Amino acid sequence: AQKVTQAQTEISVVEKEDVTLDCVYETRDTTYYLFWYKQPPSGELVFLIRRNSFDEQNEISGRYSWNFQKSTSSFNFTITASQVVDSAVYFCALGGGGTSYGKLTFGQGTILTVHP
Amino acid sequence: GAVVSQHPSWVICKSGTSVKIECRSLDFQATTMFWYRQFPKQSLMLMATSNEGSKATYEQGVEKDKFLINHASLTLSTLTVTSAHPEDSSFYICSAPSGSLLSGEQYFGPGTRLTVT
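Sequence order for the protein chains is B and U.
Residue 1 is where the first sequence starts when you use our numbering, and the numbers rise one by one after that.
Residue 1001 is where the second sequence starts when you use our numbering, and the numbers rise one by one after that.
Be a bit skeptical, because a hint or two may be false.
[What the hints assert, rightly or not] Label-pair ranges, simulated between beta-carbon atoms:
1) U:Cys1013 <-> B:Asp18: 43 to 51 Å
2) U:Pro1086 <-> B:Ser42: 19 to 27 Å
3) B:Glu17 <-> U:Ala1072: 43 to 51 Å
4) U:Gln1060 <-> B:Glu17: 29 to 37 Å
5) B:Glu17 <-> U:Asn1051: 41 to 49 Å
6) B:Gly62 <-> U:Lys1055: 23 to 31 Å
7) B:Tyr64 <-> U:Val1003: 18 to 26 Å
[Claimed, not checked] The calculated SDA-like cross-link candidates involving lysine to any residue, where the alpha carbons are at most 25 Å apart (straight line), are:
8) U:Lys1041 <-> B:Gln108
9) B:Lys103 <-> U:Lys1014
10) U:Lys1064 <-> B:Asp86
11) B:Lys70 <-> U:Phe1067
12) B:Lys38 <-> U:Pro1110
13) B:Lys103 <-> U:Gly1061
14) B:Lys3 <-> U:Glu1063
15) B:Lys38 <-> U:Leu1046
16) B:Lys38 <-> U:Lys1064
17) U:Lys1041 <-> B:Gly43
18) U:Lys1055 <-> U:Pro1040
19) B:Lys103 <-> U:Thr1117
20) B:Lys38 <-> U:Lys1055
21) U:Lys1041 <-> B:Lys70
22) B:Lys38 <-> U:Glu1063
23) U:Lys1041 <-> B:Ser71
24) B:Lys16 <-> B:Val89
25) U:Lys1041 <-> B:Ala7
26) B:Lys3 <-> U:Thr1049
27) U:Lys1041 <-> U:Phe1067
28) B:Lys103 <-> U:Cys1013
29) U:Lys1055 <-> B:Asn52
30) B:Lys103 <-> U:Ile1012
31) B:Lys103 <-> U:Phe1028
32) U:Lys1041 <-> B:Val14
33) U:Lys1055 <-> B:Ala1
34) B:Lys103 <-> U:Pro1008
35) B:Lys103 <-> U:Thr1078
Derived from the structure by calculation, the hints contain no laboratory data.
Note that this is a predicted model, so its numbers are computed, not measured.
For each residue, glycine too, the CB sits at the ideal point set by N, CA and C.
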């Protein structure tokens, strides 16, 4: 069975601070996909990143960066110089390959509040 | 990019009535779509897989007679909550994968907020 754990339920920071959201996953699949989504109060999921299990290269996109480590089954997300607009719920999700394609297992979510 | 729409965006219904929620892929065909449910302040849970041309497959614990899914075409899946009760009040989100099996791209609809009174 697949499992995603986001240990931090809520994080509160002051604007311009850096913040890292942790994500640990469990899967028996050799091919899988990891995602991060942002969910603002409107409820619509905003796609942030997708990573394939065979690509451990870390990625940076503007103020966002992701650290994928298969050895520790972790896919952590860092926001540099946080802004108030970053306040939202962030979900880490795991998708399988093959017949599990498209089915996502979500973590519990981390509520990020950035104070001015 | 690919877009998935849902209708309605929110609905209020009385207990005992049925509600239909539509999920459409707007610029791509989706032989498979997924329905998720999200209770307030909780995570998304996969309810079922909607398959065009065949029966939906439901996750363990989801009542298939209560949550009827019909994948009418390559761009439309519907979720009907039958005999709704207040405990069915939730945020329902559909998704559709696009592209090849290797891409793993997922496109989510904006969600439908159901309130049963």
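Hints, one by one, checked against the model:
Under the hint 43 to 51 Å, the C-beta atoms of Cys1013 of chain U and Asp18 of chain B, about 45 Å apart, fit the expected range. The hinted window of 19 to 27 Å between Pro1086 of chain U and Ser42 of chain B holds, with their beta carbons roughly 23 Å apart. Checked against the given bound of 43 to 51 Å, the beta carbons of Glu17 of chain B and Ala1072 of chain U, roughly 49 Å apart, stay inside it. In this structure the hint that Gln1060 of chain U and Glu17 of chain B lie 29 to 37 Å apart at CB is violated, the actual value being about 41 Å.
Distance hint check for Glu17 of chain B and Asn1051 of chain U: the Cβ-Cβ separation is about 46 Å, which falls inside the suggested range of 41 to 49 Å. Between Gly62 of chain B and Lys1055 of chain U, the C-beta spacing of about 44 Å breaks the proposed range 23 to 31 Å. Between Tyr64 of chain B and Val1003 of chain U the C-beta distance comes to about 23 Å, which sits within the given range of 18 to 26 Å. Between Lys1041 of chain U and Gln108 of chain B the CA atoms are separated by roughly 9 Å; this keeps the pair inside 25 Å, and the hint holds.
Distance check on the hinted pair: Lys103 of chain B and Lys1014 of chain U sit about 31 Å apart at the alpha-carbon level, beyond 25 Å; violated. The suggested pairing of Lys1064 of chain U with Asp86 of chain B is violated, with an alpha-carbon distance near 38 Å, which exceeds 25 Å. Between the alpha carbons of Lys70 of chain B and Phe1067 of chain U the distance comes to roughly 37 Å, so the proposed pair goes past 25 Å and is violated. For the given pair, Lys38 of chain B sits about 12 Å from Pro1110 of chain U by alpha-carbon distance, which is consistent with the 25 Å threshold.
Between Lys103 of chain B and Gly1061 of chain U, the direct Cα distance comes to roughly 16 Å. Compliance with the 25 Å bound is thereby established for this hinted pair. For a cut-off of 25 Å, the pair hint linking Lys3 of chain B to Glu1063 of chain U stands: about 23 Å separates their Cα positions. Restraint check: the Cα-Cα separation between Lys38 of chain B and Leu1046 of chain U comes to about 18 Å, which is no more than 25 Å; the hinted pair holds. As the CA atoms of Lys38 of chain B and Lys1064 of chain U are separated by approximately 30 Å, the hinted pair breaks the 25 Å bound.
A threshold of 25 Å between alpha carbons decides the hint, and for Lys1041 of chain U with Gly43 of chain B the separation of about 11 Å falls inside it, so the pair holds. Distance check on the hinted pair: Lys1055 of chain U and Pro1040 of chain U sit about 29 Å apart at the alpha-carbon level, beyond 25 Å; violated. Only pairs whose Cα atoms come within 25 Å are accepted, and Lys103 of chain B paired with Thr1117 of chain U is rejected, the gap being roughly 31 Å. Only pairs whose Cα atoms come within 25 Å are accepted, and Lys38 of chain B paired with Lys1055 of chain U is rejected, the gap being roughly 32 Å.
Between the alpha carbons of Lys1041 of chain U and Lys70 of chain B the distance comes to roughly 29 Å, so the proposed pair goes past 25 Å and is violated. Distance hint between Lys38 of chain B and Glu1063 of chain U is unfulfilled; the C-alpha atoms sit about 29 Å from each other, more than 25 Å. Straight-line distance between C-alpha atoms of Lys1041 of chain U and Ser71 of chain B comes to about 31 Å, which puts the hinted pair past the 25 Å bound. Between Lys16 of chain B and Val89 of chain B the CA atoms are separated by roughly 18 Å; this keeps the pair inside 25 Å, and the hint holds.
With a C-alpha separation of about 15 Å, the suggested pair Lys1041 of chain U and Ala7 of chain B falls inside the 25 Å cut-off, and the hint holds. At roughly 19 Å between alpha-carbon atoms, Lys3 of chain B and Thr1049 of chain U fall within 25 Å of each other, so this suggested pair holds. Distance restraint check for Lys1041 of chain U and Phe1067 of chain U: the Cα-Cα separation of roughly 22 Å lies within the 25 Å cut-off, and the hinted pair is therefore satisfied. Of the supplied pair hints, the one linking Lys103 of chain B and Cys1013 of chain U is violated, its CA atoms being roughly 29 Å apart against a limit of 25 Å.
Restraint check: the Cα-Cα separation between Lys1055 of chain U and Asn52 of chain B comes to about 30 Å, which exceeds 25 Å; the hinted pair is violated. Taken as a hint, the Lys103 of chain B and Ile1012 of chain U pair is broken in the structure, with Cα atoms around 28 Å apart against an allowance of 25 Å. For the hint linking Lys103 of chain B to Phe1028 of chain U, the alpha-carbon distance of about 18 Å falls within 25 Å, and the restraint holds. Simply put, Lys1041 of chain U and Val14 of chain B have alpha-carbon atoms about 23 Å apart, close enough for the 25 Å limit, and the pair holds.
With a C-alpha separation of about 23 Å, the suggested pairing of Lys1055 of chain U with Ala1 of chain B holds against the 25 Å cut-off. A threshold of 25 Å between alpha carbons decides the hint, and for Lys103 of chain B with Pro1008 of chain U the separation of about 23 Å falls inside it, so the pair holds. This hinted pair checks out: Lys103 of chain B and Thr1078 of chain U have alpha carbons roughly 18 Å apart, not beyond 25 Å.
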